[in-house]
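Heads up: the protein sequence lines correspond to chains W, A, P and R, in order. According to our numbering, numbering within the first sequence proceeds without interruption in unit steps and concludes at 326. According to our numbering, numbering within the second sequence proceeds without interruption in unit steps and concludes at 326. According to our numbering, numbering within the third sequence proceeds without interruption in unit steps and concludes at 326. According to our numbering, numbering within the fourth sequence proceeds without interruption in unit steps and concludes at 326.
If you are wondering where the hints come from, they were derived from the structure by calculation, not from laboratory data. Treat the hints with caution; some may be incorrect.
For identical chains, the list gives no copy identity; a pair is met inside one copy or between any two copies.
[Claimed, not checked] In silico lysine-lysine, DSBU-like type, Cα no more than 30 Å apart, as pairs:
1. K111 / K5
2. K(-1) / K68
3. K68 / K136
4. K136 / K320
5. K312 / K187
6. K(-1) / K82
7. K136 / K63
8. K56 / K312
9. K(-1) / K312
10. K(-1) / K320
11. K82 / K111
12. K68 / K312
13. K68 / K56
14. K111 / K320
15. K187 / K108
16. K191 / K320
17. K136 / K187
18. K108 / K68
19. K312 / K63
20. K(-1) / K194
21. K68 / K5
22. K56 / K5
23. K136 / K191
24. K(-1) / K191
25. K111 / K56
This one's a predicted model, so the numbers in the text were calculated from it and none came from an experiment.
Protein chains: 4
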Amino acid sequence: MVAVLKNGVTEKQMENLCTWFESQGLTVHICEGKFQTIIGLIGDTSKVDIELLEGLDIVESVKRISDPFKSANRKFHPDDTIVEVGNVKIGGGNFAMIAGPCSIETPDQIMGIAKAVKEAGAVMLRGGAFKPRTSPYDFQGLKGDGIELLEHAKAATGMPIVTEIMNANHLPMFENVDVIQVGARNMQNFELLKELGKIRKPILLKRGLANTLKELLMSAEYIMAGGNENIILCERGIRTFETYTRNTLDLSAVPMLHELTHLPVVVDPSHATGISRLVKPMAMAAAACGADGIMIEVHNNPSQALCDGAQSLTPEQFKDVAENVMKIREVVQ
Amino acid sequence: MVAVLKNGVTEKQMENLCTWFESQGLTVHICEGKFQTIIGLIGDTSKVDIELLEGLDIVESVKRISDPFKSANRKFHPDDTIVEVGNVKIGGGNFAMIAGPCSIETPDQIMGIAKAVKEAGAVMLRGGAFKPRTSPYDFQGLKGDGIELLEHAKAATGMPIVTEIMNANHLPMFENVDVIQVGARNMQNFELLKELGKIRKPILLKRGLANTLKELLMSAEYIMAGGNENIILCERGIRTFETYTRNTLDLSAVPMLHELTHLPVVVDPSHATGISRLVKPMAMAAAACGADGIMIEVHNNPSQALCDGAQSLTPEQFKDVAENVMKIREVVQ
Amino acid sequence: MVAVLKNGVTEKQMENLCTWFESQGLTVHICEGKFQTIIGLIGDTSKVDIELLEGLDIVESVKRISDPFKSANRKFHPDDTIVEVGNVKIGGGNFAMIAGPCSIETPDQIMGIAKAVKEAGAVMLRGGAFKPRTSPYDFQGLKGDGIELLEHAKAATGMPIVTEIMNANHLPMFENVDVIQVGARNMQNFELLKELGKIRKPILLKRGLANTLKELLMSAEYIMAGGNENIILCERGIRTFETYTRNTLDLSAVPMLHELTHLPVVVDPSHATGISRLVKPMAMAAAACGADGIMIEVHNNPSQALCDGAQSLTPEQFKDVAENVMKIREVVQ
Amino acid sequence: MVAVLKNGVTEKQMENLCTWFESQGLTVHICEGKFQTIIGLIGDTSKVDIELLEGLDIVESVKRISDPFKSANRKFHPDDTIVEVGNVKIGGGNFAMIAGPCSIETPDQIMGIAKAVKEAGAVMLRGGAFKPRTSPYDFQGLKGDGIELLEHAKAATGMPIVTEIMNANHLPMFENVDVIQVGARNMQNFELLKELGKIRKPILLKRGLANTLKELLMSAEYIMAGGNENIILCERGIRTFETYTRNTLDLSAVPMLHELTHLPVVVDPSHATGISRLVKPMAMAAAACGADGIMIEVHNNPSQALCDGAQSLTPEQFKDVAENVMKIREVVQ
């Protein structure tokens, strides 16, 4: 961490500041220049509140050199984390195709899709029971009933299941859920993250619409600080000025996250683009740049889907995608 | 609502589609062209799921002509809503200066600031008890104890108090709070919004970091759909590529929101800019474009503040801002 | 095109408006509703000035249904355009690896790199002679001398050359250049585009930092309107809030552009990420989602490069990338 | 400037690096830590190429502490620059209302508007002769004829005139133009900027759609490096995800630029919002936060304007805005 001091700092002020830094276990190096004095701080600065420091009268600016995240940081944990979900592994060379409908709608729908996507190459089943919708008048999901239907599909196919949580009070309903998803809109719902830190189930943490990779890692850190280290990160598109696609899929996040953290990274091309025709090329691209898994929306009848039909594939289309993704994986490995 | 059909739609398909629209109480007008067929839908389309429609095989695109929000819409409620908080009114020509520290820290701190900002012209006291921080290692607020200290300051000064909620389970602690704030990160925490729709306390709803005005109004709609119509909207800066300021204060949101909705709109220049030197000019600008109130961070010792010191004013500085804002108000009224 | 009228339009006004539309060769369809009247316009609306229409007193809003670009539009030119550059083809199934240094620096440098990248699989040589730099104090390129050095490298290797133009007055210097590049900062330098429409050399048009795909296609349209249809589009990253990478590479632009236009699309992962370690995964991802070519910065001594060294690969690294990209191509084709 | 070195740098490498820095006239301070070594560079680092430094094998990252702009920097030129245009002054407490049509259309139109805006309080006349339009099929301006018409209006009213240049080759036509405008799309057309540095006419430099304040200042630096210090900066809205307004007017840029530079700053609320109804509140807000001038589009018949009618005011509306802005100015001064 580097602090740049304002002109005209007195020796006394400087001394006080240095003493304060040293009291926090940091080593202080002073570079005095004609126009500026720079203080270098060496040691564990991850717990120094950068805004507090910037607020000091004598400080012009502060720049963090090291990352503010610890548990998620690859520097301190060089080996890939492998998240195990039933008999499925994600990360460290293990790749997973996750598929299913945006919303769970009927017993037949989820059972039919579950069987079809398993047949087509999926190893995990996704399906929304609690749906975060922009409008209070849109379909909000089948809630507890939806989770129950998902459990039936799990029982019938043997695939582990992943579904989204919106409220920590609902946790008892997620007992048989294998992976709990935190959606983009809740990525900084810190109260929810803290509760998920107390359990040991794998968490699939989606990047927020306008959140940086650093913020995504800090949100992972919230969960890990509670003791739950089973985290799968998910890139699902960010908000930009472009309007042809719903969001802009930031695939460079995949290799960048792999450099910054040991946690596995999956990609959701369906939500990112919002257009079913773009799912195949973007899924292949995600695999090509090293994603540890891909999560795709599949519906047996997209034009009748109660939500996000425009971005859903049919089981046949998913099969084609899965096969092509696997061919890309062979090149990457 | 206007739906553009794909080329090659059969008469039968067209008929089915029209029947379906009509079954939803909509009147259908068909404009058949050589290259394109456009369907105009007249009636209450606010509950039509636009994504579902776009997912239909025969539909190329759908454009919503009318707004998807109803209760918050000025078209249906032309008069300004005036939110009453104790003896303070906001909206409909009533203007409120809201001030206080980012975080409640000690009994002396909050009591001292409360008295100072009241003296300087504030009519409502803000102070954070639950603090949403990006890092789990940063100060998270005094929580329940903080609310208690805020209540003492309310008792001593007579000013109504506003503080942020992060978890609906904490609602019992907010019984004596006058205005409950929903922070930017929770603007689309729909579970929280639904719970706040069940109470009748005024809600100060902050715009999310990367949320459109339409989404802000849809979040207000979530609360209003539950029956709570006491909502104050708050512009607090959006995320852009500019890095000199923490966020980009979107002041055109003020007149635009006044056109779209009857709800009052306040501005928070402290969080928007993150720089105390910019608070005065931006507060004056906010008043000049018609804001119904301004919320400013004030700390008796900014350089010692436990959070966001860099953006806090001293009580003396706040007094200067308040006086200038009032002069602007005289021009605007 | 659809125009929504304001409430209270008189019959006379409506009649005048319709007559005016019809005088422009458009067919008018009127959908009168209780709350809103919508006018559908069928015909060639590409030349209707949408802002003029929105400015009319009686019009509330206008929505364009069809695209404002014609020559670049796949709807009217369903077959892929294949741009031929010497013996190299780009588009329509033809893929090209383009490589070379950010800046041409010395005769040895450009000659050495040219031979190395040809050996490693490149079919076209890039090199900057005119450099657009944010600071007037940074190295601005060797200009005419640089182009001459590039021509020597072309003569020695047989590879066609591509280099950037910043000023139409420099065109005489580009006589032996095979592909003229328009950089991101000049994507909407319409005066330059018009001049490039008058020649017949292939143009590599880079997407601007904050330009939509529609604007990119409108800029291509500027060149094509002049008669030059040899255009290669280039995605090179857009500006977002993320700071780990220099820009955000928008790979979904590749399949989206392929849907919208018949022009070939290449990807520049070097400028997009600004980090040499990310070039390989992003080049592979670009190939996987269907890019028609990839342009990569290669320098024989990146740490001594006069510009953009941080994003340049060594010839050895480029060879590895090229081999992997070719393996991905085999899956894609 | 601060450079963070990678782990494992040898003493020899360190020594070489320091020698190199010192050869550039910089003083080097080394802070060696257990995990990281930080090098502080004191002196004139404005000409150090930061990308080159980051490209060195042994450097992990580089952070610039001081600003890369010199001539435009308030640190080195503490007094406000006052730009004189005929008898009009801008900056240093001098405020100017600039008004006129988006496009010059006919002799009557520009003459009529010129007289009307002068009457209403404008001191300078704007009007577009060369129009940068996204589509090649939209009206491109009257070009040289337009400038001639503008000169007639100048002769008749005595107001200095400002109009946009798109091509340095057109400079001879601008001989009688008082202020030459560089539009947002050309803010980084460095070839044009360099040519404008060679003349001594005042330049009105508009911020690009997606350009940071630092880049705006670097573009001013391009002109100033040539010797032309008569520059007026203009904030005109930036591109964000919000769609209700055409762009997002970044008013905090006004006080921020005043802190960073001595150059005057004007605001264009017409282009920023694209909506005539928002011009008045945003003009007042611009004045309230300290703008040195405001530039507004006025048309005698907005609904018939050949471009941007939706954002133009009538002369009567402009009169009302000008009066209110002047009242705000009284508070600000």
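Each hint, compared with the structure:
1. K111 / K5: neither (70 Å within a copy, 36 Å between copies)
2. K(-1) / K68: between (33 Å within a copy, 13 Å between copies)
3. K68 / K136: Answer is neither; intra-copy 40 Å and inter-copy 34 Å both fail.
4. K136 / K320: neither (37 Å within a copy, 45 Å between copies)
5. K312 / K187: neither (38 Å within a copy, 39 Å between copies)
6. K(-1) / K82: Result: close neither inside a copy nor across copies, 52 Å intra and 34 Å inter.
7. K136 / K63: between (35 Å within a copy, 26 Å between copies)
8. K56 / K312: Neither, since 48 Å and 32 Å both go past 30 Å.
9. K(-1) / K312: between (62 Å within a copy, 26 Å between copies)
10. K(-1) / K320: neither (58 Å within a copy, 34 Å between copies)
11. K82 / K111: Classified as within; 16 Å inside a copy, 41 Å across copies.
12. K68 / K312: between (38 Å within a copy, 29 Å between copies)
13. K68 / K56: both (19 Å within a copy, 21 Å between copies)
14. K111 / K320: both (18 Å within a copy, 28 Å between copies)
15. K187 / K108: Classified as neither; 35 Å inside a copy, 35 Å across copies.
16. K191 / K320: Close neither inside one copy (39 Å) nor across copies (45 Å); limit 30 Å.
17. K136 / K187: both (22 Å within a copy, 15 Å between copies)
18. K108 / K68: Classified as neither; 41 Å inside a copy, 38 Å across copies.
19. K312 / K63: Answer is neither: 39 Å inside a copy and 36 Å across each miss the 30 Å cutoff.
20. K(-1) / K194: Intra 49 Å, inter 37 Å, cutoff 30 Å: neither.
21. K68 / K5: between (37 Å within a copy, 26 Å between copies)
22. K56 / K5: both (23 Å within a copy, 28 Å between copies)
23. K136 / K191: Both. Shortest intra-copy (23 Å) and inter-copy (20 Å) distances satisfy the 30 Å Cα cut-off.
24. K(-1) / K191: neither (44 Å within a copy, 37 Å between copies)
25. K111 / K56: For K111 and K56, the Cα distance exceeds 30 Å both inside one copy (49 Å) and across copies (36 Å).
The structure shown violates the earlier hints numbered 1, 3, 4, 5, 6, 8, 10, 15, 16, 18, 19, 20, 24, 25.
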